[in-house]
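2 protein chains.
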Amino acid sequence: MAKKVAMVHGSGGQATGELIDQIFAAEFKDQTLDEMEDSALVPGAGRLALTTDSFVVTPVKFRGGDIGRLAVCGTVNDLLMRGAKPMYLTCGWILEEGTDIDLVREMAHSMAETAREAGIRIVAGDTKVIDGSIGDRTAGDAAGKFDGGILINTAGVGFVSNDINISARNACPGDAILVSGTMGDHHAAILSERMSIQTDIESDNAPLTDIVSRLVSSGLHIHTLRDITRGGLGTVLKELAESSGRTYVIEQERIPVTPKVQDFCSLLGLDPLYMGNEGKLVCILPEEEAKQALEIIRSAKYGAGAVRIGEVREAGKGEETEPGSLIMRTEIGGERLLDVLQGEGLPRIC
Amino acid sequence: MAKKVAMVHGSGGQATGELIDQIFAAEFKDQTLDEMEDSALVPGAGRLALTTDSFVVTPVKFRGGDIGRLAVCGTVNDLLMRGAKPMYLTCGWILEEGTDIDLVREMAHSMAETAREAGIRIVAGDTKVIDGSIGDRTAGDAAGKFDGGILINTAGVGFVSNDINISARNACPGDAILVSGTMGDHHAAILSERMSIQTDIESDNAPLTDIVSRLVSSGLHIHTLRDITRGGLGTVLKELAESSGRTYVIEQERIPVTPKVQDFCSLLGLDPLYMGNEGKLVCILPEEEAKQALEIIRSAKYGAGAVRIGEVREAGKGEETEPGSLIMRTEIGGERLLDVLQGEGLPRIC
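Those protein sequence lines, which keep their order, are chains A and B.
In terms of this note's numbering, the first sequence has 112 at position 112, counting the first letter as 1, and numbering is strictly consecutive.
In this note's numbering, each number is its position in the second sequence, counted from 1, plus 350.
So that you can see chain A by itself, here it is in the shape it has in the complex (with noise of 0.2 Å):
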């Protein structure tokens, strides 16, 4: 692999999964406990789920949200995911000197509210701080946009009941796939902020507490489920094809996005296929609760938009479908063989 670290390795996609296989992996093969998925199940005291994430979007201010919202909804989601119920949160900050303290306790304000709303408490903290600069400030200086140098780590715990399991691994032929949203909105706020385009896009980011709460105690069978996050739908879903050893299979046209993101996606050449969220979610489960899937997301916090996009396959079956395969039907008929997120893609945005 590379000899340098270089932007496209925290792109999210292919280049950040080198990176994560060939060291982290590499070197702490032995330590870890559990498949790679979006929490860490440990065993002992029951069962726990663990998991961390950093945040160093820029501006750290932006439509619908902020790195503190952000930093919480992170790490919630990700717990959520393996059908934990978030209970405690960690958050380190990392500042840079002159930062506005305003700004500071802003961020820590909204962390706060967001912890309420997502049902998580913040037990622990650290704060350190850095002389000079955090990342090259060149971009949101010349724009007017750069509001500080604030970076924050949160980690996660929460509790798991032993009767859950929902992983990765286990979507099976005949399942639908569900979204809980529109794509995009994430990664289009945070663009439009930086390279100063007027639009009223808001960033989607939300904690998916309400949604995942509901899924889980309504006793339907859910397979699995993923936050859409960095790289995207398709990025998302490419792994989870893989994971599962089975065939994905996703209708183009029934993927949702908000007029406004289109057309911001269509001025500047973009993909929401590829384009991150921060508050929606990828729900696989059998077709026949599929109906029922639908209104209990819909019903919840931040899930009015869900619909069903596609179908699990076995694979093998039909011309291209090899163990992992994504297909995506196009609008005009045809079908498109798709992958993760291939270098940087898009400008990024974390």
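It is worth saying that the hints were derived from the structure and are not from the lab.
Any given hint could be a false lead.
In silico lysine to aspartate or glutamate, DMTMM-like type, Cα no more than 20 Å apart, as pairs [unchecked claim]:
# : chain 1 : residue 1 : chain 2 : residue 2
1 : B       : Lys411    : A       : Asp131
2 : A       : Lys301    : A       : Glu239
3 : A       : Lys61     : A       : Asp21
4 : A       : Lys85     : A       : Asp210
5 : A       : Lys61     : B       : Asp481
6 : B       : Lys610    : B       : Asp621
Dock chain B against the given chain A, drawing on the hints supplied.
Quick look at chain B alone, frame taken from chain A:
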């Protein structure tokens, strides 16, 4: 308080305390379950200890250790200070574009080795890459020492038996104050690297698992444990004195410092009392158990230099003993009232 984040807010001293009290504690006041100590103890599924720490040391490799080892030791030691058995670690990497991949691998390898030594498992991780530089490289570049832009956050989970109650609040009049070894080694090692001063001082960065597990299983009545990190022994003891509402008295001549570190400090006018370690602890327990505790610590890995440095007294006895006072009897027979680290105090290492 100040309007801008200053480097002093990361010093571990008074200004850091102000930032924590006025921003984070204020915003998270309905979140925090527990008195603020090195780890939070949370209910549910037995008792869990949770903690987090970010590591921003420059250079990332130094005599006796590196940021990978440090990122495990710092968090493991914080868990141990509540009497927890360290169980699971999460790690969040923030990498600067252009960092050598081999350096990332080396640091991951160091983390894995240290985790094995410390008896903790790395179960979840996250990786972000940011463009531009992390921090001000001028000093490092000039010295030809800066070898990579790597920040690591770790969060740790430990299990605590219900019969263990180790807290800064528990110190009683008549207790002995022990330290597990010499002061200032880590700080002096980092400073000598950064200032390109030729020394062979090594960092003491180490997991204190062996010392603490021996102490906890000994049946001795351990009242308080605290690792001596940012802010040094002076800051740590003053904070402990305040938490307990007692008066702490230490003897200057008993504070252990290696001749090499003493020479280094004399040369630069530094006070080892306010210099950080990364592999030393304070242990407070009844005087009658002090001798046995010293034997246990000395027989454990990284505890060979343990000594008794002072005692806990009831506040209000004698002059100048407000609750929470820290008094040092000087080598010439005087008494000095000590405070936490004020302002920067010393060239910063984290």
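Evaluated hints:
Between the alpha carbons of Lys411/B and Asp131/A the distance comes to roughly 19 Å, so the proposed pair stays at or under 20 Å and holds. Pair hint Lys301/A plus Glu239/A does not hold up; C-alpha atoms about 27 Å apart against a cutoff of 20 Å. Annotation: proposed proximity of Lys61/A to Asp21/A is violated, straight-line Cα distance about 33 Å (limit 20 Å). Of the supplied pair hints, the one linking Lys85/A and Asp210/A holds, its CA atoms being roughly 11 Å apart against a limit of 20 Å.
Proposed proximity of Lys61/A and Asp481/B is supported: the alpha carbons are some 19 Å apart, at most 20 Å. For the proposed pair Lys610/B and Asp621/B, the alpha carbon gap of about 14 Å is at most 20 Å, so the pair holds.
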